[in-house]
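Chemist: Below are the chains, spelled out letter by letter.
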Amino acid sequence: MSDSQVSPAPERAVPPPGEPLVVLDGVNKRFGALHVLRDIDLTVARGEVVAVIGPSGSGKSTLCRTINRLETIDSGAITVDGRPLPEEGRELARLRAEVGMVFQSFNLFAHKTVLENVTLGQIKVRRTPREKAERTARALLDRVGVGGQADKYPAQLSGGQQQRVAIARALAMEPKVMLFDEPTSALDPEMVNEVLEVMRQLARDGMTMIVVTHEMGFARSAAHRVVFMADGRIVEQAPPARFFGSPRSERAKDFLSKVLHH
Amino acid sequence: MHVPLDLLDDLDLFRRGFFGTVLLTAVSAALSLALGALVAACRVCPVPPVRLVGTVWTALLRNTPVTLLFLVAVFAAARIVGVGHFALAVGALGCHTSAFVGEALCRGVGSVPLGQAEAARSLGMTSWQALRLVVLPQVGRAAVAPIGGLLAALTRNSAIAGAFGVTELFAQQRRLSAIGHDVLGVFVWIAVAYLLLAFVISESFRLLERRLAVAG
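First to last, the sequence lines map onto chains U and S.
The numbering of the first sequence is my numbering, which starts it at 1 and goes up by one.
The numbering of the second sequence is my numbering, which starts it at 1001 and goes up by one.
You may find that some hints are simply not true.
Which chain U residues face chain S? A few, computed with CB under 8 Å, are given here [to be verified]:
(1) Asn68
(2) Ser105
(3) His111
(4) Val125
(5) Met216
Some chain U residues near chain S, calculated using beta-carbon distances under 8 Å [as the list claims (entries may be wrong)]:
(6) Phe31
(7) Lys124
(8) Arg127
Derived from the structure by calculation, the hints contain no laboratory data.
Cβ coordinates follow ideal geometry from the N, Cα and C atoms, glycine included.
So that you can see chain U by itself, here it is in the shape it has in the complex:
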């Protein structure tokens, strides 16, 4: 896994060629009177890393959660690998197993050890034999740098460690795409980088990723494309160098002037 690209290119303007993997078409979502997603069209190609940024309340987390149907949509269509999202039930469960999700608040299973957290889905959903599941889990835990914590409970780990376990748990299902819903927002500042480094490595390895984030550095260096949202709309999208260098919309200029301090 270390023999991919030599170094993270400062500009990765051209998304890798690939067929569409996640497609949102005219998606609308309301919470009561609040129109949180307005006519969202978004296509993410296989192997592409998309950073979704924007002010709080712009709908970016909701967008992320609609892709594995943790949030239902009111109109429009979402397809993953060519298949429309099914209704709640076994079909949807099968699809969710192929879409990895990493939450802001980690959501590791509190009553299970780190190792069990990473094997549970494999054993119960994929019906993988325990021994094989544990081998996979240990390899993944090593890969995200928490191999030594396998027998501890989540509460015994730091936030950064917990989030890396959560990434390993999602990867254990061998997902086609990984969704990250503000994965570093609940972390102490000194732990942000250890998580971002794991995500960068994942991006270098060619994983398709949709990352809702406030980490502009990550968006700039690891994403192929930046999607800027405000008020439930995609206001602007561009390769990171162009988006951060010369944003076109007033909303994006205003947002960047507030989050980039230098």
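Knowing the structure of chain U, use the given hints to seat chain S on it.
Modeler: Okay, now just chain S, sitting in the frame of chain U:
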């Protein structure tokens, strides 16, 4: 004060009372746990009428004295032929405690963050798997300590059954006194027996709690 050992002569009477209490408590506890789980399930059910049933059951039974429940049970039993006093006592105690067990389980459900179920479903678990593998074990963990307390209280409440013709510890106290044993002495032994039961229940729940507890 001398130790009232003369009770040993009528140990059999005492023993029947003791096991009467144990049996009554055990069967009532089983009923209250089963009913309590059902009540909790009703109360977290998304269907409003079902939820109402759970809420009414809880409100009604939590605020009714157990003695009143026994009276209702005996009154109803006069019409239903073939139901013995033991079954009535179990019904009254079990229903009474079920409301509290339901409450403890509901609080347990409330203590599990929504994100736990979301994470489970994100891994591809069905709703049932998420409930069984992730949510319920954590509900159980949170509810073990309060339920232990409720069952200890149930043991004490079971004494009321003695007044309604069930052979249990407290009823035997009257019989033992009636056949000439020192009243105070009998009380001491009865108290010791209840203490022992309460100790066994609370200790076993403490062990269970420790076993389920998550380190850290």
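Chemist: Are the hints correct? Go through all of them and say.
Modeler: Hint check results:
With a cut of 8 Å, the hint placing Asn68(U) at the interface with chain S holds, because the nearest CB-to-CB distance is about 6 Å. The beta carbon of Ser105(U) comes within 6 Å of a beta carbon in chain S, closer than 8 Å, and the hint placing it at the interface holds. Checking His111(U) against chain S by beta carbon gives a least distance of about 5 Å; that is within 8 Å, so the hint holds. The closest approach between the C-beta of Val125(U) and any C-beta of chain S is roughly 4 Å, which is under the 8 Å cut-off, so the hint is satisfied.
The criterion of a C-beta within 8 Å of any C-beta in chain S is not met by Met216(U), whose closest approach is roughly 26 Å, and the hint is violated. Interface hint status for Phe31(U): violated, as the beta-carbon distance to the closest one in chain S is roughly 15 Å, over 8 Å. Nearest Cβ of chain S to the Cβ of Lys124(U): about 6 Å, under the 8 Å cut. The hint holds. The restraint placing Arg127(U) at the interface with chain S is violated, with a minimum CB-CB distance near 11 Å, outside the 8 Å limit.
When the structure is compared with the earlier hints, violations turn up for hints 5, 6, 8 and for no others.
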